[in-house]
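Hey, can you work out the whole structure from these sequences and the hints?
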Amino acid sequence: MADPDETLQRRLAELRDRFVAGFAERMSTMQGGAEQLEGASSLDEALAALKVIRAEAHKLVGTAATFGFALAGDAAGVLEASCDALIENGAMPSPDDRNRLSDQITAVERETPISS
Amino acid sequence: MAPPLTKILYVEDDADIRTIAKLSLEAVGGFTVQVANSGAEALDIAPAFMPDLILLDVMMPGMDGPTTMQALRKLPEFEQTPIVFMTAKVMQSEIARYKEIGALDVIHKPFDPMTLSDRVKDIWRGHHG
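Note that the protein sequences, when read in sequence, are chains A and B. Sequential numbering from 1 applies to the first sequence in my numbering. Sequential numbering from 1 applies to the second sequence in my numbering.
Be aware that a few hints might be false.
Sample of chain B residues at the chain A side, in silico, Cβ under 10 Å [unchecked claim]:
#: 1; residue: 13
#: 2; residue: 19
#: 3; residue: 40
#: 4; residue: 45
#: 5; residue: 57
#: 6; residue: 111
Derived SDA-like pairs: lysine to any residue, alpha-carbon spacing no greater than 25 Å straight-line [claimed, not checked]:
#: 7; chain 1: B; residue 1: 22; chain 2: A; residue 2: 22
#: 8; chain 1: B; residue 1: 121; chain 2: A; residue 2: 22
#: 9; chain 1: B; residue 1: 22; chain 2: A; residue 2: 11
#: 10; chain 1: A; residue 1: 51; chain 2: B; residue 2: 121
Bear in mind the hints are in silico, worked out from the structure with no lab data behind them. Being a predicted model, the structure only gives us computed values, none of them experimental. Idealized CB from N, CA, C, for every residue including glycine.
The structure is reproduced here in structure tokens:
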């Protein structure tokens, strides 16, 4: 009978590989949200874009460290907090806000398994 | 002495986390785990599965964790079932609020797959201590 610990480690490794394989798509979703925010012409559009970015960042906060990418999780946490603050503020994000979010998305990417 | 904890319903919208938590709880903890990908699905599954404990993600699209808990509590069979929230938001004020509205405890995400079951067992024992 297979050692449950070995089985777990093997399955965890498989899941980690799957997580890594899906990272480009996650980044693409966040970058798409940033582009959507850049082109937003109304507060509703801007909030919708922020929610796209926040949702993906939130998932990374909860998953990245579990798969061994703690720094990516931390960077995603910073990004999520920024999105939360802007959503709560309820005003059109300024160019500085948008630049900051863009930088924070880049910071997440820098810590990810697809950046090396 | 605490009654045995055998069946756990885990409610989480993120597929990766759902898979890893189920694997961890089954392989390390020896629990029987049923998963649901939303609050609505949890409400469908729970009556047939009759979990001893429910692990509930806080932030989910549609019904979030607190809303799902309220809906579960309206079902007579789940009025008293221990519900533990899982969240990536670790602000003490939010954790206190979750406990105020009826969560037994809160587990932080990300979690360590090797120790998640121990954390759940500790909470269960504490509840029945």
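Here is how each hint holds up against the structure:
With a least beta-carbon distance of about 9 Å to chain A, the hint placing residue 13 of chain B at the interface is held under the 10 Å criterion. At a threshold of 10 Å, the smallest CB-CB gap from residue 19 of chain B to chain A is about 6 Å, leaving the interface hint in force. For residue 40 of chain B, the interface hint is violated, since its Cβ never comes within 10 Å of a Cβ in chain A; the closest pair sits about 18 Å apart. Using the Cβ-Cβ criterion of 10 Å, the hint placing residue 45 of chain B at the interface with chain A is not satisfied: the shortest such distance is roughly 22 Å.
Residue-level restraint check for residue 57 of chain B holds (minimum Cβ-Cβ distance to chain A is 8 Å; threshold 10 Å). Taken as an interface hint, residue 111 of chain B checks out: its beta carbon lies about 6 Å from the nearest beta carbon of chain A, inside 10 Å. With a C-alpha separation of about 20 Å, the suggested pair residue 22 of chain B and residue 22 of chain A falls inside the 25 Å cut-off, and the hint holds. With a C-alpha separation of about 32 Å, the suggested pairing of residue 121 of chain B with residue 22 of chain A is violated against the 25 Å cut-off.
Proposed proximity of residue 22 of chain B and residue 11 of chain A is supported: the alpha carbons are some 11 Å apart, at most 25 Å. Distance hint between residue 51 of chain A and residue 121 of chain B is unfulfilled; the C-alpha atoms sit about 35 Å from each other, more than 25 Å.
Of the hints listed earlier, those the structure fails to meet are numbers 3, 4, 8 and 10, in rising order.
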